[in-house]
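Undergrad: What follows is each chain in one-letter form.
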Amino acid sequence: MRPHLPRIVFVSVLGLAAGGCGAGLPDPDFIAHPRILALDAVVEAPADPVLGTRAEAMPFESVRLTPHLADPDGPFDPQSIAALDPQWFACTLRPGQGVGGCLLDARPLAPAAIPACPAPDAVDPGALDPSDPSSFESPTPCRLTEGPPEAPTLPVFLDPLFLLGGDLEVAFVAGLGGAYDTDRCVADLLSEPGTPLSYDCLVGVRRLAIGPDSTLAALAESFGVPAPGPPPPDPPETPDFNPVLDAITVTVSGQGGPFEIASGELVEAPIGALLEVVVSVTPDSAQDYLIVVDDAGTPRYETRTERLTGDFSSTWGYIEFGDSQGLEHRNQWTLMQAEEQDPKLPGDVVHLFVVVRDDRTGATFVKIPVRLTGPGP
Amino acid sequence: MAAALVACGAAWGPARAAAAAEPPPAQGDLVPPRVLNQVEVTYPEALLEAPNPPSGEVIVRLVVGTDGVPKELAVEQSLHPLLDTRALEAVAKLRYEPGTYRGEPVEIAMRVAIPFVPPPPAEPEPPARTPGAGEPPARHGPGEAPVTTPETGSAGGAAAEPRPAERAATAGEAGAGTGEAGEAPAPSRPAGDAVLAGVVLRAGDRVPVRDAQVAVVPAPAGARPGRVRKRSYAPRPPPPWEVVVRTSTDGAFEVPDLPAGTYEVSILAPGFETATYVERIDAGSKLSLRYFIVPLPSNPYRTVVRERGGEREEVTRRRISVAEINNLPGTQGDALKALQNFPGLARAPFGSGLLLVRGAAPDDSAVFLGYHEIPQLFHFGGLTSVFNSDILTGIDFIPGNFDPRYGDATGGVVNVEPRAGRRDGYHGYLDSDLFDTGALFEGPVGKGSFVLSARRSYIDLLLPLVIPDDAGLNATVAPRYWDYQALFDYPVDGGNLSVRVFGSDDRTKLVFAGENDDAEDDRNKFETTTLFHRADLVYRRRIGGWSFLVTPSYRYDFSSTAAAGIFRFKLRVHTFAFRAEVERWLSRRFAVRFGTEVGAGQADIDAEAPPVPQGAGGSSDATFAAVQKIPFASLALYSTWTIRPVPRLSFYPGVRLQLYNQPEVRATVDPRLRAAVDVADRTTIKAGVGIYSQLPSIVEWNPRWGNPRLSPERSLHTSLGVAQGLPLGMDVEVTGFFKYLWDLAADSDRIVLRPEGTVGPETFASTGVGRIYGAELLFRKNLTKNLFGWVAYTILRSERRDQPGDPWVLAAFDQTHILTLVGVYKLPKHWQVGARFRLVSGNPTTPVVGAIYDADSGTYIPLEGKEHGDRLPPFHQLDVRVDKRWIFRRVMLNAYLDIQNVYNRQNPEFVNYSFDYRERNYIPSLPIIPSIGLKLAF
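Chains as they are written, first to last, in my numbering: chain A, 1367 to 1743; chain B, 123 to 1060.
For reference, chain B alone in the conformation it holds in the complex (with noise of 0.2 Å):
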């Protein structure tokens, strides 16, 4: 398997002999590369004679390959052409261990800093020699430039400490050793009985920093011990002696047998702020010292992970990062939000956060989460996540031709996975904003790791307070939600168990009372509560080519809504799923995937509520109840298989099948094959096709309100897409799409003979087709310094028809043109601005072309015309959001400003009739909303 990971690092280090220390720590599952040797470069004579000879660094960014090997290699911080061409020369003769993603070697993309400092006027220097590994690093003498810059630092470092590769130093005149590897001067040092010791901390959150350098050095006269925090740029004369060691796994170090005296301590490590201080330390003692140290500014991991084999190729495959996208504009901090942003997504009404995928119906796509269904992604239709976003390792969005791991869905696919808890150390925050409140807590158990969150939304408290007393309006249960999630992780006999329970629940109540009503009833109320919880086991094991996977589910759903006496419906549901897989690569060329998903539980109905509309008409007078238990299973056998003849041409047949009792048995194929071929080194051309199968809605199907002789719904899915990567961190995705459904549950007016054996109304019958086609572009520039963002166009067309020989009518949430504009920039000391520009077409809208009067309701029927034959004005917004960091010692803040809708668009939403459809205006969209956020974490 060969996954790229896109990260950073930042090469550092003085030249020394290389020597085999034990792996860096894993984040997660990614372990990075560690530096295997070592290598000189001189300063070129030729910048010496020049009045001022450049002094900083060089940034060369690289891919360490699987076999260790720095290739496409390119200067990104350029000193000079000359300095540039030595550092490039230089890092390509570095090589390392390469880095690891779950177990398997992956190409790591990394940034080495390679300093520069021109060496003073030369002196008659010893001979130079590179110590081994632990021992006291060489003397630099006079005409040797410093090991250290404490004034360069290094930029784009690795928050997860990947082990950086070791810096060429910077060699001084001829006879110094130039050129030597693994050469440098002996120490010369008074000796003493002191001990300077401490462990290196990353601030914030105080994760131990390892493969820190710590160099000690004589401090100049006069200096007073505390922090520096005044650098000079001037070239300083080499100090006498210099002692560097660098800190273990827990950060920690120790330089002993120092004679009495003030010394200047210098921290470097990549990613980080260089720390300096100054300390004293007496004869005979030993001083404990803890030194924080803070990060760059630069994220440096950009886990865009752009999959290569080893997971199937999805056609269009839109992997999310958190960290990457944590903070865009328009989100409040949540990264599922961020799908919204994606080319193939339709905009949903009020910010409601309803899927639109590639023109399809909300209930058309499907959510995982940990291999198993969730009922929502998001709590009131789209106010913020119901699952922790900080606690995912990414988000997948795959809007069509998706693999046969994934059924009973026509739509698209959305699949997050949580990750385990963190093991270096505990950690949390506290995360406030206006509308809720969250907590996280996370750390190791023995060789495992738990995660607990909750948040809790506070609307329900501010509501009342602003509600005036004579609105009319009692909020009994204002709209409130919370959500929780424990997880727990261990590995376990050669593989990893995780232990998964979370829940949601968003409930609300309002009664409106008439000063005139004698009567308060059902009229006056209306009230929802959508719930769920979910306890899964997860095992996931490797025994060489082989992986396994096993993982039981329990859930259960509730959701009871009652609209002003209209209608109420309560849904009780408990489901038990099961799925397993078992994989094996055959060879190279060859893998094969079995898997299947078992799901059985009862569904209890509570419902009373007119029968659903049909065709034009008004009120009815009639009510249908039912109480109803129902039964339900389902077994899914689903197999993909990886072909791979050439090593740039994979395809992927696979074929899923599916066995459903309700609400008849039913059995459905579906076969699918996706193919992928990289025609360059970074141009991959991807095609789907497929079938993909769903059953409709319990409305359509339920014997009380609709007819349990409905057939599965089928689409035939097709895509075909190019990806091209471009310099600079770019990349362009450009996918064409289409879609043809049948079997669609379609309003059926003809009189039947019914299951029970009576004739009756069919109500809805397997008549409908529907037809969807378009193209997505996404040109995205990925984080390598301080910008990334990306644009993102769809434009498409979703139509269906209900009958035979009916005229094709868009479909409701048709939106022709989507176009989505991100951009985040990272400014110095932690600031962040972005930016989020929307601009949609608006939705299809069926015009009313006069009204008859209903007597039964006191109401009037609109006559419509031509169905979706208007559209809504142009939606389009800008959102946008500032960011602020503190990092403290053992913690870290974070304020953000989120403003949506900057300039207070009234983007029309729906069409608003005035009673008699006579006049008419709209409901606007949402307005200008400020949300303020604070992130206390540690």
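Bound-form chain A, shown alone (with noise of 0.2 Å):
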């Protein structure tokens, strides 16, 4: 036996690192081009006090699901959004499998074969046979057709594959016009694999995570079907939280400060200014979670905490780091144009983003409108 671990993973690290720095490529923390930043997921239940919105649902609730779009105007609004006609896709993802893959693995697909996501109540549970891996096969990709496009619900259907510790995988389409149009972008993202996709079309996928899988074991129990891995814990886990803003505080340079705000409140600042921007997080926020140990043959729990991290990316100027980690995620954005950059004037409106992930799927979108004044510093 050659028990090691395959060589080429020490030289596709090693190439990860080399290619790391980007030298020579765009800054991925500038918006040069319309695109996505986020794809909300809510679940439509009465907010826990604490712990906030829910990112994961359980089959037979609802999902609220929203684009967050940006391009070097700024964000998009809703009815900029609905006026790209997007369409939404829900798939069900194998246990393990990676986001995105359960629509790209499904192609070549007629966008008029995809039928509409099927009631919650569709699969009978009675018919699965848990020795007979064909009565899990997922009848998915299928469309979204409930809600607003801007901002649909998704009625989680029982899959199958939930059972075995599957998810959903929820798909966003929308063309900028002109030659692509959403329809068009459709077309191209389930035709043949190798078929170009024009950067021209917006296209993001996100995990609807189903669980928590304890809990889902243990529906899977009363339908029959044996699921692997170790008793349900005591007390039952707690399902995945999107991350809670405890504050959003900026310092403008020359203006004192820190003044707290809203996400979305406007601030001004004069061109040139160093604003420094602390979005935090409640410390409830880093969940503890459970993963599955296989111990020797012996399933068991351990925990493991939530690690949080924050994306910044802006509309103008340029930030002085793209990410950071922990609870409190700062960052100071110079006002002033950067090399890529068309210059600006006062009264208008620059942007800063701020994404804010767990490292499950939560997640919490922060936008810090700055209106320009004039020349400052």
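Hints may contain errors.
[Stated by the list, open to error] Straight-line C-alpha distance at most 25 Å; calculated DMTMM-like pairs for lysine to aspartate or glutamate: (1) K647(B) x E1668(A); (2) K647(B) x D1566(A); (3) K1710(A) x E1672(A); (4) K1006(B) x D627(B); (5) K1733(A) x D1038(B); (6) K647(B) x E1686(A); (7) K631(B) x E1672(A); (8) K988(B) x E1694(A); (9) K647(B) x E1634(A); (10) K1710(A) x E1634(A); (11) K647(B) x D1725(A); (12) K988(B) x D1566(A); (13) K751(B) x D1661(A); (14) K751(B) x D627(B); (15) K631(B) x D1725(A); (16) K692(B) x E1634(A).
Keep in mind the hints are simulated off the structure, nothing from the lab.
With the hints as a guide, bring the two chains together.
TA: Put into structure tokens, the structure is as follows:
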């Protein structure tokens, strides 16, 4: 037996490390083209007073989806998104499958042949045969049809693969117009693998976690489907919640501060000012969760704690750091024209965006608009 | 067993009666031929009438057969056609005790230097008589050419001191006993009571020089004691008398009964520069001296072992001698890195040392050291080898159709064999370059020997000095490696016992601290540790026609990697291995070998990682964690037969049966057949066909991440090759090959009933197939005098498909054309220059035709075009190396300058995309890298 880590892993890591610098390539922190910044998923249920809105859903619950798009002029409002006539799809991910893989591996697909997502109780649990893998085959992908296209609702149907640890993949597709309207983008996306997809097509995917897994295992057992893994924990697992904002503060050079603001609240600052921005989330946002460890053939639980990451981007100026870690996400944003940017005038509004993610599927979107005033320091 | 060993030795020495002497010392397993007679040759009268009769040496190349008779004579250095003819005739009359390799007679190629000096005008001379062994040498009166020609010396000497053939003396006019072997004039010198004694040693490492000729003649008037550095090439009048003795096994000599006076002492030995000293000795005294003579620059041993019979013929076996390729450019003096230059081996990215053999994946090839497998050949994937290549006898690279002795590999095999320590004294060296320092010490222990060696890098000491403080990078453990070897060999009960302990350790830990991070965790860290330690016993013995091998071994492996919080992996393995072989030559035409290879142990895994990525798709929120103890065992039985129906035709059928217990109990039966036919004296056609099996990687069959029901991967190897020897020490070899692979582990998206009884994803299935075909060309100029090198070219195609009906796609390391040119030239005064040029097709890449946004990770997922449908631009690079050696009395100093990528070509190694895949550039390979090294040896 040759029981060592495949050597190619080392070379791949070396290559990734070498490529991580990205020298000579566009800066990801600057929004130079229209792009998707986040796809919010919120379970339609009362928010928890501490943990906030839930990102992880159980079958038969409904989830509201909200895309966040931006271009060099700033964020897309709901009307602008609706004008793109976006289309939404759902696809059931196999246990462990990478997000986006469900839809991409299902190609080629004729868009017109994609059915509407089934009703939540479309699958008869009694038809599941634990010894017959074919009874677990998924009928997806499917098309979302409920709610406005800029913020649809997905009633989570029961898919047999959920009982094995699968999740839902949600895809957003919108064309920016001209030769690439949404229909064209959908057709190209679902064509034969290898078909080019224009950058005028905005396509985003996210995982809609179904669970918690231990709760699903209990559900599976109730259907007569033996679930691998240890018995459900006591107390039961807490679902994944979206990070909860604690405070957003801005300090403008020469103007004092820090000033606490809300997401989307307009700030004024002179051209050339240095803004120090801090977005903090509550400590409870770093949730504990369970993973299953195969301990010499006996599965058991181990606790892990979520780690939070903040991704920064802006429509003008330059920011010091692309991302940050922890409960506080701080950055420095200089309101000066960078090399590849157009000049701005007093009165123009520029934006800073922050997406705080946990390392499961929870995410919270923050936008900080700044009206530029006369030349400053 | 007949193996052809190519060695150089210069025949030199005065005419004297042959006397049986004790066999010359062995260089490892090699014992050179020993001349048994002497031949006189006359200076042609026709040339004496010329105004300036030619004077110098004719160097004759010959092969001493296993019957001791010279053959394949050729003039290598000509002086004059008439003299060349005389030299050939003389050498053809020589007879030898044949050389041996591991106790078996072998053919040995040598060079013999026949000096010719036209005699001075004739004078009446006494009759000549050749002295017997140990007697004072013949007196050379006027009219006779002197026996020694200090100005000519000898070329291509044997550093391993094969006993040289006796040089045919140049006789003078008729009446001087011309042509009569064994006759020379009796000495006539005054008697005295002084003794001149001493020892002759090789400069640099102080090895005694056996059979060196020490000639003592009265010094010319006015000669001052000391080394004679200015040589006169004008003919000199013969001395009044001369005493010539030979050094003994320990380099000692003694010239007794000398009268007081001043003498000229000349030391001549094959393969060494001639040294002459003037010594003064008083009456009644004993003058004891130590002479250090300098070996000639040309390495006399070109130990390229072309096996013919005995060892089973591989269709393609590239045997590298450490001595030959120790100083190739681009290798930093590491002989194992020379493997990169042979055909059949694809170029590894970043010079990482991955073995990409004939289109196979890196983990499909195996590396054996001393009969057992080692987990890696190079530190940190290519910096330098984990085993000091200076203590290897040779390196075998077998790219396919290898013997049933080797298993669990579907690609190729690299086999390296350690050597025993030197017994000719205590030796060692200290070797430093920009990256590491190594030391070696070896010598005799009783009847055996030992070798101790170690090396450590110091990148970890230098890196923190050059990393800027504000780089946000903290090298907690900067990349560093070390290795050690301790070998002990001892003859036991007619056989040889070897005890080997060696190991290697590579570590690094980097912390990337962001200034705005209020928490530091696994995402800031990258660390990796790879180490192994091994202890072997090896016992080999021959009893008559039987030979036996028994070798138990224990190996401890530890691998640990944690990468930016994405995954962590710890693997600890204890392996007990045992190999035993018995071989028997039943006749000259039939031999059989049976062997067994057993391995057992336990692998402890502690890992946490996302699922192995399959198909398209981005991030996964799943974490698979496992703490496992996996006992494993394998048993292999193998046999190879040698069938030689006629002398020029050989068949080597064989079979390997292997049993595995992980992931499930499996057995493979691999029949193999090779054949070789010598269609002419220097033309051999070889062919092979066989089945080769290998377990999938542990990640693919581990129940947590993979599928324990995977089958062993199989491959069919076929190859056909022609090897042709050419004049002037050249040969060419052309080989065509085709491999078909099946039951390869491939991604699967099926939902199946898993072994534990639950329904779940299959992850991998044994549905992949592959095909690899191509040809290799190796044109090689072996080291004769100053030049050696080769041209290696490979053309190949490597493809696979995961599922029946899928289109064939190129393998990740498919490199259609691989061209390597290597050349090394030895200049005077121990300078050496070398260059290597490589031209290689770019690796396949998969084009990106778009991208979609992964909102979970904030990154983009590329939409890929045809898998491996593009290629990177071609790779080309020039490496040069300059070596200089200084030889002092007791030490040698070697210095080298090795420059890789001389013209700083920015060879693309990977494609680097922008965050959204709209734009791209290339990640270049290594830039120009100069490396300086110094090696002090004693």
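Undergrad: If you check each hint against the structure, which ones fail?
TA: 2, 3, 4, 8, 9 and 16
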